[in-house]
Amino acid sequence: PFLFLFAIAVTHAAPASERLRSDGIYRSEKQVNAEGTDYVSLLRFAPDGRVYLTHVAAPARQERVCEWFKPALEAPHWSKGAGLQLEGNRLSFRTDSPSATTLFDGTVDADVLKMQLKVPTRQDLTYPLTFKFATCP
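Following our numbering, the numbering of the sequence shown begins with 2 at its first residue and continues without gaps.
Everything labelled a hint here was simulated from the structure, so no lab data went into it.
Once the Cα atoms are required to be at most 16 Å apart in a straight line, the calculated EDC-like pairs of lysine to aspartate or glutamate come out as:
#, residue 1, residue 2
1, Lys133, Asp112
2, Lys71, Asp24
3, Lys133, Asp110
4, Lys133, Asp24
5, Lys81, Asp49
6, Lys133, Glu30
7, Lys115, Glu88
8, Lys71, Asp49
9, Lys81, Asp97
10, Lys119, Asp97
11, Lys115, Glu30
12, Lys119, Asp106
Taking CB as the label site, the calculated pair distances span:
#, residue 1, residue 2, range
13, Asn90, Gly37, 32 to 42 Å
14, Gln124, Ser23, 26 to 36 Å
15, Ala59, Val120, 17 to 27 Å
Note that the structure is a prediction, hence the values are computed from the model and not measured.
All residues carry an ideal CB built from backbone N, CA and C; glycine is no exception.
Start from the sequences, fold in the hints, and give me the full structure.
This is how it looks when you write it as structure tokens:
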């Protein structure tokens, strides 16, 4: 029975993990910060399961973003992800940085992540954000 249950877990998890791509960057739609500056949020999933989040001023050229936002060049100002769970098309994880923890919960559909973000602070910010995948050369 133990081996049978293990086989079910492996076959169930493998197709789901292939849905998150690590050969590029998930880019959010354009956002505007409190100072009125346009920016995009970037998510990067490493092949080993690590997750990174950063934000860049818009417009951000894909080639330049790909040059510096890759797991091999891990930077201290990038938020690091933890608790990644992917079941079917349901995705959840959190990212932590010195300034904030952000909880992500949503769905993976082809190369699009439709996420609900929650920043548990006194304001308890919650908002939807869509990320679209773009490959890196």
